[in-house]
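Top to bottom, those sequences are chains A and B.
Each residue of the first sequence is one higher than the one before, counting from 8 in the numbering used here.
Each residue of the second sequence is one higher than the one before, counting from 8 in the numbering used here.
For the record, the hints were derived by calculation from the structure and aren't laboratory data.
Check each hint, because a few of them may be wrong.
Identical copies go unnamed one by one, so any copy, or any two together, can satisfy a pair.
To be verified - With a straight-line cut-off of 20 Å between C-alpha atoms, the simulated SDA-like cross-links for lysine to any residue are:
| # | residue 1 | residue 2 |
| --- | --- | --- |
| 1 | Lys52 | Asp186 |
| 2 | Lys234 | Ala41 |
| 3 | Lys52 | Ala115 |
| 4 | Lys335 | Gln130 |
| 5 | Lys234 | Gln284 |
Number of protein chains: 2
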Amino acid sequence: MPSNLRVPGPTPVPPDVAQAGARPMVNHRGPEFAAVMRDIITGLKPFFGCAGDPLLLTGSGTGAQEAAIVNMLSPGDDVVAVVGGVFGARFADIAAAFGASVRRVDIAWGQAARPEVVAAALQPLPRAVILTHNETSTGVTNDIAALAAAIRAVSSETLIIVDGVSSIGALPFELDHWDVDVVITGSQKAWMSPPGLAMVAVSERGWEAFRQATMPRYYWDFGKARKNGANGTTPFTPAVGVAFALQEALRQMLAEGPENVFARHRTIGSLLREGVQDLGLELFAEPAAASNTVTAVQVLDDVDAGALLRGLRERHGVVVGSGQDWLKGRIFRVGHMGFVREEDVEAVLRALRTELATAAA
Amino acid sequence: MPSNLRVPGPTPVPPDVAQAGARPMVNHRGPEFAAVMRDIITGLKPFFGCAGDPLLLTGSGTGAQEAAIVNMLSPGDDVVAVVGGVFGARFADIAAAFGASVRRVDIAWGQAARPEVVAAALQPLPRAVILTHNETSTGVTNDIAALAAAIRAVSSETLIIVDGVSSIGALPFELDHWDVDVVITGSQKAWMSPPGLAMVAVSERGWEAFRQATMPRYYWDFGKARKNGANGTTPFTPAVGVAFALQEALRQMLAEGPENVFARHRTIGSLLREGVQDLGLELFAEPAAASNTVTAVQVLDDVDAGALLRGLRERHGVVVGSGQDWLKGRIFRVGHMGFVREEDVEAVLRALRTELATAAA
Numbered sequence: 008m009p010s011n012l013r014v015p016g017p018t019p020v021p022p023d024v025a026q027a028g029a030r031p032m033v034n035h036r037g038p039e040f041a042a043v044m045r046d047i048i049t050g051l052k053p054f055f056g057c058a059g060d061p062l063l064l065t066g067s068g069t070g071a072q073e074a075a076i077v078n079m080l081s082p083g084d085d086v087v088a089v090v091g092g093v094f095g096a097r098f099a100d101i102a103a104a105f106g107a108s109v110r111r112v113d114i115a116w117g118q119a120a121r122p123e124v125v126a127a128a129l130q131p132l133p134r135a136v137i138l139t140h141n142e143t144s145t146g147v148t149n150d151i152a153a154l155a156a157a158i159r160a161v162s163s164e165t166l167i168i169v170d171g172v173s174s175i176g177a178l179p180f181e182l183d184h185w186d187v188d189v190v191i192t193g194s195q196k197a198w199m200s201p202p203g204l205a206m207v208a209v210s211e212r213g214w215e216a217f218r219q220a221t222m223p224r225y226y227w228d229f230g231k232a233r234k235n236g237a238n239g240t241t242p243f244t245p246a247v248g249v250a251f252a253l254q255e256a257l258r259q260m261l262a263e264g265p266e267n268v269f270a271r272h273r274t275i276g277s278l279l280r281e282g283v284q285d286l287g288l289e290l291f292a293e294p295a296a297a298s299n300t301v302t303a304v305q306v307l308d309d310v311d312a313g314a315l316l317r318g319l320r321e322r323h324g325v326v327v328g329s330g331q332d333w334l335k336g337r338i339f340r341v342g343h344m345g346f347v348r349e350e351d352v353e354a355v356l357r358a359l360r361t362e363l364a365t366a367a368a
Numbered sequence: 008m009p010s011n012l013r014v015p016g017p018t019p020v021p022p023d024v025a026q027a028g029a030r031p032m033v034n035h036r037g038p039e040f041a042a043v044m045r046d047i048i049t050g051l052k053p054f055f056g057c058a059g060d061p062l063l064l065t066g067s068g069t070g071a072q073e074a075a076i077v078n079m080l081s082p083g084d085d086v087v088a089v090v091g092g093v094f095g096a097r098f099a100d101i102a103a104a105f106g107a108s109v110r111r112v113d114i115a116w117g118q119a120a121r122p123e124v125v126a127a128a129l130q131p132l133p134r135a136v137i138l139t140h141n142e143t144s145t146g147v148t149n150d151i152a153a154l155a156a157a158i159r160a161v162s163s164e165t166l167i168i169v170d171g172v173s174s175i176g177a178l179p180f181e182l183d184h185w186d187v188d189v190v191i192t193g194s195q196k197a198w199m200s201p202p203g204l205a206m207v208a209v210s211e212r213g214w215e216a217f218r219q220a221t222m223p224r225y226y227w228d229f230g231k232a233r234k235n236g237a238n239g240t241t242p243f244t245p246a247v248g249v250a251f252a253l254q255e256a257l258r259q260m261l262a263e264g265p266e267n268v269f270a271r272h273r274t275i276g277s278l279l280r281e282g283v284q285d286l287g288l289e290l291f292a293e294p295a296a297a298s299n300t301v302t303a304v305q306v307l308d309d310v311d312a313g314a315l316l317r318g319l320r321e322r323h324g325v326v327v328g329s330g331q332d333w334l335k336g337r338i339f340r341v342g343h344m345g346f347v348r349e350e351d352v353e354a355v356l357r358a359l360r361t362e363l364a365t366a367a368a
């Protein structure tokens, strides 16, 4: 019965993209795959806002988080991690697991990180600041342009490492213009593709840091990925089918046009937030920072979140995400990134209206 | 034009498996994916020869090599790495990159590792021995049963870590019976599935080692994978489409029956080796250790390997692998694992006959 997959990833895959992913297998060191790589690398650039070539890694977004850490840092490096939810906390945990000295700047979940709060954490000046563009667990979008500007006002050397897993491809991002050093994303979010590939962009400052970083690395090594990428391949066997899918998804996204893709996400985000509030529900994120890719909705005190999600799923085919960590049972999350149209969120709202009426009866 | 993909991975994907991989996306924390996970975990066991549940990781075989290292070892651990080709060397390099003290036992490429040679390297007793079941770069299959017995005759505590990337699913493997501690494999080899998933089996001794190991780990953490696996999910978003494909591929492999799958690989391996020798070509691997999944063929002195492979590809649609490292230009490699029938290797032999005649003319 489920047909309206509205978890914040994996996201629905358009039929043409799924079929592209099922194309006959090829040698990942041959000319067919090199052409796929070229299309992907070229197609990603307008969404990353970078002139350099993004890297392709095989793994999930968490794998790309680990990759960003081990390629940029050395054990003992002083790192400021701005944490406003599960994924910010995960990024901090990974840095600590590999030996960074992590100073966590905790932001109330549901709130955006303020530039002045981040700037105040830069004494002493850390080697790197870790930011989350879109916190998937709370539905908050941080203003990376403003946060990066606040950091750059203090230091032109501190690395800025950004989790863009659930943002890039749906929300504007400008790696070069914002002077960010590393940003990561995953195929199963805004990119309308199956999970299995992570994409990373690195600044010149980031490449310089890569040369100095001494955390242990092998599989995630950015240098190997860059060298092989220049030859249209990857150091290790990539998720070839996912790459086929991503090539087609990017073709569709570029045909729509990045600005139109971003506008569609803005429109749909507003539509969903207004619709949810019209149902008498409250949003979890502060309004000014509400995400256009994921919406976290507070569960009314007298409603059983598990029963609500089961009802949505079993009676309406609408699959939304539950709350994570201490938000389990207190919120649910609706994904609206990638392959999403107004009718998809309207169907979510209709199903919610019915289920809430049932719960209240 | 290419249609007979005979590199030693990625291997051809049967149409039904490719279509299963293109099924509509699902929530990786929902009941549909839990059912897929259950089928995969159950289906892998007869091929791994283990009673415990194998783990599912998203990444390539190299990622799984890294996972095996960081979950089993601590920096400074004394490790014996038996190296007979590119992939054995890679396993040793990964262990060293993460701080193991690696003693390399180099075996002449093309030769199998002898039990007495490995046994002789166990003074002083290392924490772990790293072995390659099937060395994809040379077409040699090592006798893991005999090697493990030789190690166990000396020590019941030394960990035995095995690269089974290009063997398991095509060649018999018995983790429990042979008393091996960790073995890894990848979806794109014998499993007839697209690349993107790695599968790992761990012994009880291996789990005890996991609890003691202190190399930094997060994404590859076996404990997280085990805990989530017991609930039918993964700690981080898995390659869901590849899992759909693998579920269907395993269904087909179990329908054929593991013994029949192994027998088919033996028959096809013999057929190819005899055919190649009938063409006046020599095999690279010593006959007693010739692999039934990958055959390395020596290139005659007066033949340009690049031109030969191009001819096979452009005129016959046959894509074989080139030599790696110092074997580049000296051998080519034919993959015959997973979705392979006698007619596929017969087509390789016909194409080779034509191209060699052209080269000689």
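How the hints compare with the structure:
no. : hint              : verdict
1   : Lys52 <-> Asp186  : within (15 Å within a copy, 50 Å between copies)
2   : Lys234 <-> Ala41  : within (13 Å within a copy, 38 Å between copies)
3   : Lys52 <-> Ala115  : neither (33 Å within a copy, 46 Å between copies)
4   : Lys335 <-> Gln130 : neither (35 Å within a copy, 53 Å between copies)
5   : Lys234 <-> Gln284 : neither (50 Å within a copy, 38 Å between copies)
The structure fails to meet hints 3, 4 and 5 from the earlier list, while all remaining hints are met.
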